[in-house]
Structure formats: C-alpha cells, structure tokens
Amino acid sequence: MMPIGRFGPYGGRFVPETLMHALEELEGACSTIIPSEGFRTEIEYYLKEYAGRPTPLTFCRNISRDLSCRVYLKREDLLHSGAHKLNNALGQALLARHMGKSRVIAETGAGQHGVATAIAGAVLGLSVDVYMGIDDMERQEMNVARMHMLGARVIPVRSGSRTLKDAINEALRDWVANVQDTHYLIGSVVGPHPFPSMVRNFQTVIGKEIRSQIMEREGRLPEAMVACVGGGSNAIGMFHPFLHEPVRLFGAEAGGEGLSGRHGATLCGGTPGVLHGSYTYLMQDAFGQILESHSISAGLDYPGVGPEHSFLKDEGRVIYMPVTDEEAVDSFLYLSRMEGIIPALESAHAVALARKISEDLETDEILIINLSGRGDKDVEQVARVLEVGHGSF
Amino acid sequence: MAPFRPADRLARAFQNRKGPLLVTCTIAGDPDYDQSRAVILALADAGADIIEIVMPFSDPVADGPVIQAAGARALVAGMNTDRLFSLIREVRKEVIVPILIMSYANIIIQRGIEAFYKEAGRAGADGVVVADVPFEEAGPFCRAARKSGIDQILFISQTTTPERLEKILGSASGFIYLVAALGVTGTRDGITHEAISLLRRVKESSPLPVVPGFGISSADHVRAYARAGADGVIVGSAIVGLVGDNAGRGMEMESAISSFVGELKAAASQGYRGIPPETVPGTKLT
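The listed protein sequences derive, respectively, from chains A and B. With my numbering applied, the first sequence corresponds to residues 42 to 434, in that order. With my numbering applied, the second sequence corresponds to residues 5 to 290, in that order.
A couple of the hints might just be wrong.
[As the list claims (entries may be wrong)] If you want the footprint, here are the derived chain B segments under chain A, 3+ residues with CB under 8 Å:
(1) 99-112
(2) 177-191
(3) 229-242
Since the hints were made in silico from the structure, they are not lab data. Backbone N, C-alpha and C define an ideal beta-carbon position, used for all residues, glycine too.
Chain A with its partners taken away, still in its complex shape (with noise of 0.2 Å):
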C-alpha cells in the first residue's frame, strides 16, 4: 500500500512547518466534508445551475473525415468562465467556506484559475486574492480585467521568472503567514497533499461525463483520449474514470521551440525532484536549481507537474508527448476554421497531439480530445504570433 498522499514515489508534503497544521486540517474536511451528503448536493447544485454542467461532448464531422478516425471534443470551453478550472474553483471555495474561511487566494498562470477563483468568490462571498506573474498579466490582459471586475484583487508578481511558478510561491508565502483565515485554493493537481488529489477528485466530472456520454453516443469506450498537461489538471479529471480501462491515454506537453530549447515538457525533459510541496518530475540543473520554462500557452508555462502525471508516466499508463509552440498554434487555427471552435492555446496542445496520434487509429476508432478551455483570452496573442512570423494568416 502506498503511503498517504503519495503515487508510488511521488508527492508527500513538503512545507514548511507552519503549513502543516493547515494540511491536516484539508485533508480532515476532504474526508468529513466532501463526502457529505450536505456538500454534494451544493457542489452538483453550483455545477449544474450555476456553471452549465455537463458540458457537451461534441462530435466533429469534418475533422473526423480529415482525419480518418472518429473525434470527440469535450467541450470544457463551454463551461461559465470558459474553462474547466471552475469545476475546482466551486469545489474548493464551497469546501473553504464550510471550513470557516474567509478569504481564499490563488495562483494564476493564463489566468483561468484566477478567473474561476474570482468568480467562486463573488458567487459564494469569499474575499479573493490573486497572485499572477507580471509577465503573463502582459500577455493575459484580458483575464487581469475579468479578475477585477469579479471584485477579487490581482497581485502582481516580479520575483523570479515573473510566471506560474513564482505566483505559486507568493501565494505559498501568503498562505505561510495568514494560513489561520485563508484557504490556498490551489489551481491545478500540484502541491503538497491533500491538494493533488482532491483537485482531482473536483475534476474528475469531466471524465464521468465522458463515460456516461460516450456510452450513450457509441455503445462503447473510445480507444484513445488526448488531454494537454500543465500542472495536468484538465488531464487527471478526463484520464483518471479510465485508468483501468482499455483505453490509450496521452498527455500533451508544452514543447515550446522543441526539447534542445526552451520549453515546458517536464515530463519528457525533466528528472523527478521536490518543487511546491511535493516529489515530481521537475525541470532543474544538476544542483537542483529550477529552471525557468517556456511555452506560447501561459497555462502551461510551469517547469512542474502533478505528483500523479509522474507516477502514470514511469507506469507508462500514460504517454506523454511534446507539443511545440507552431504546432499549437497551427492546430489553434486548424480547430478554429475545421470546426469553427477556437481552443485555447494550451487545448490547441491537445489538438496537435490528437492530430498525431489519428495516424494510428482506424475510421472506426474513437479518440476523444479534452478541449479544456476557449481561445478568447489567445486571439491577440495569436494575431501577433502569425503577424511577426508569417506574415499573414
């Protein structure tokens, strides 16, 4: 039997001594709490009413016939707020709430999370600070101005290479010092336990409703599914209902300008070590310094990655795959005129993979790719991508 909180190596609880008592005390609600009856039917209230649940899952004919096989989009991008990251936001901010919080704060990378957590705190009457690099509030202008409008604060963050990680170690510090009336709510499957897998279980609606869907649709499983991995969120909630099923699972990676540059492929690139809280596979020198990532998608600009990705990955349960940055944004383009769906760009990760691995698949094969968020928030950044680059459109 595995340890508490632990995936084969992976995990654990690595803080400082202060967040300890804080850590119980989550994990004590997310086996009081969660499991109530009370809790479950508010989180499925907020999901369904509130949020738009279950989001589609949309056939896509054109692309199926490009392809030659049968594709499946689910469609999270349908989801209020625009991505999956609501799902977690409601959960944690109704659980903070039972918990007697006050005040919730988080992390921001594309600003999704920050979105989501703005809005489960307006909804639900939390305070909501938000720690977002300077760096990606440039790029994700748009989401700073839906932070604020939802009333929560943007905290900027100029430490270190000024994205995901270094909100993620503000926010950590924040949490150091008010940890008596703040909940972390952390936005993705990392950090210390309880936090992988109890975003994961707030996740995993998406894959029960793939199952349930599919199901209805096909009569059967499909043969492959393709979801894109930053912290891997998005991934676990649509991989983790199939874990023993027949079905291939592949993660997409930011492969920024390709695995000898820049980039964000933790898994692919990286060597196992403890960043935020806990033992992953992690993008470091050989003295255990973090290396700053890169990637076109700010979602997964993060040289880390859930515990649970690392332990799939070394079990080869899961493949994971480098996607890089043209090739995300050529299948950014690709969805939005096959489809005429425009992913975000880190979704466009999972388009690009999917695109890939159809070569392997018959007609008849179904492959479904999580489209974990729409693409507003990328259009200007995109437009400016293909101006520099290209020349046109």
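Go by the hints and put chain B onto chain A.
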C-alpha cells in the same frame, strides 16, 4: 582516541553557554564567493556563537524578500552545492564555532540525501536545517544526519499541534528551531505574546535547547527572548540585509557586521541577567 564527532561541537556550545547563543545567518556566495567567506569570518570574529550558512534555492517559499534577493544574487554569482562545501571547508580552518547548513529539500535530494550529509560532515558542518521538510518527510534526512554524525534540526511553529510537538521532539537533534512568527523570514517590528508563550510552552516539554528565529532583528528582540528563557536566538534577514547593503565594500561590511553582532551579543547576555521582557525599554510586545 575516539574520533572527534562534529555533533559534539553543537552540544558543547549549548552546554557551555553563559547566555543565549547568538545564531547568525548568511547566504553562501552572497554577494560572491570571496566576500561570502569574508562575511563568515567576520561573523565569527564578531562573536557569533553559531553560524548558519544558507545554500540558496531558486524557489525559497519560506523566505521573505531580503533572503530571496540575497539568494538570487548568490546564484547569479555562481553559487552551487560543490562551492558550498568548499566554502565550509575553507572557513572551517579558521572558525571554531558550530556551523549549520540551511537549505531546501531539492538541493539535498539532487545531491543524494546520504551523500549531502556525508559531504556536509566532512566539510565541517555540525547540523542541517531544511526549510521545507516537516517531520512527516524528515525520516531519510534524519537517518542520513545520524549516519554522518551531524544534527538534523527540526522546526516547531505556533501552528504545531501538541501531538505533532511530541513526535517532533522525538526525532529532532541539536536544538529546536522555533518559528517565532507566522509567515516568511524577514524583519518585524515587535515580538508577539504568542511567540513568547510558545517559547515557554516548548521549553517545558523539550529536552533539547529551544532557539527562536523569524523576525528577530534588533538588540531589543534579543533581550526579550533571552529574558523569556530562549537557549539561543537566530538572526537572519537583518544580517543578510547588512551584507547586501555593503556589497563590494570590504572594510565597511566587516565593521558593520562587527558592530551589529557585538550589539546583539551584548543584548543576549544583558537580557539573560534577568530583565523581564515587558520592561525592556523599546521592546514592543504586539
């Protein structure tokens, strides 16, 4: 003759103390290797009882802005684990007081936990403190420390429950690092009543010396803790800040360190002579 075990140096320092020990922190390699060596020697000359050398990590979540900035300076100037051990080896030739290494889990794990402690012991370190290794994850670190004859220092904080306190006291060695303030390292205005009462509570049950750190930055703070019965005090950011302010100015740096450490030392023995912290002038209990 029995081999000299480095751990003896730390235990003896506490046994022979005439007042609370002054633990001074400095960042290895800040602002560069040579100046860092000079800082360590200056701390020892000025009368520091224990020197804590921080091996910087790129993502120091337990540290405030002063130590973050110093760590970043040191890393840019080329500090790494190889150089940490050679720095300790070099200063050990001249420094007789105990030396502690403070760092983060990943620095030690990438070296190999056993290898790190072995090298630390050989270089002349007496103890290791790891900011992000709580009791639950400390097993392999404590075992490696014992094997190399050095101490694994564990933390106790205001949020540590009585059950955890008992477990931590069971596996710590050397002394207990009391996290005297919630939050990250850095200077603070006053000392809280919570910190003083935590110190008294831990002192009651701890067989090991109890040494507060976090937010201790002035002679008044030192006096207050001395009076409350601390076995030592850890001064970090205030010294690290002095080094940053005087980078590149050798003489000024040494004299700044010397006068500040001298002041803290005097406060430690003064407080120990028995002035209640509530009546120490200028000590704000918040």
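Evaluated hints:
no.: 1; hint: 99-112; result: holds (count 5)
no.: 2; hint: 177-191; result: holds (count 4)
no.: 3; hint: 229-242; result: violated (count 0)
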